[in-house]
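Please work from the sequences and hints to get the whole structure.
In my numbering, the protein residues as written are 41 to 198.
Please keep in mind that the hints were generated in silico from the structure rather than gathered at the bench.
Here are the simulated lysine-lysine pairs, DSBU-like style, with alpha carbons at most 30 Å apart:
hint: 1; residue 1: LYS92; residue 2: LYS186
hint: 2; residue 1: LYS92; residue 2: LYS117
hint: 3; residue 1: LYS117; residue 2: LYS105
hint: 4; residue 1: LYS186; residue 2: LYS117
hint: 5; residue 1: LYS105; residue 2: LYS140
hint: 6; residue 1: LYS105; residue 2: LYS92
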Amino acid sequence: MPKPLVFLMGRSPAIFPVDRRYAANHMWAFAVEGGYRFGLSAYAVRLLGDVKHVGWSAHLGTMVKQGDPIGYVEASKATSDLFAPTDGRIEEYNTAVLEKPSLVNSHLYDAGWLLRLSGVGQGLISAEEYLAHVEAGWPLAQRLLKGQFSAPRGEAHV
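Structure follows, in structure tokens:
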């Protein structure tokens, strides 16, 4: 198996296996028959903290476009909406994660997967491209995490 890529978030490593593709919204995609299985990347999990609950707002069989809201995740550091990582039909949700959300933290690249979409995976990127995406966004993420982000004088926060 090829060596995974590693991104250091401070002293904490975020590991990105190279046997899958990634979405810009910090989900990994593993090819399965007729589509992809998706889960949260190590980068996303480290930012969110311990996952406590996953909920879905889109029903099985729904056709979604990349960026459509499909659910949410509640974790120890943040609650975040989940958006479709690519176009496709929602074929399956991981019921094991619904029953035991901590699987996202303990087995994020296997048993902690979230959903399966049919489709071609348009817009997904390689592990190397995802690493570059994370590296480019890390300075802003650090400022947000440290509470150092503020709008310049005269501009409103949105």
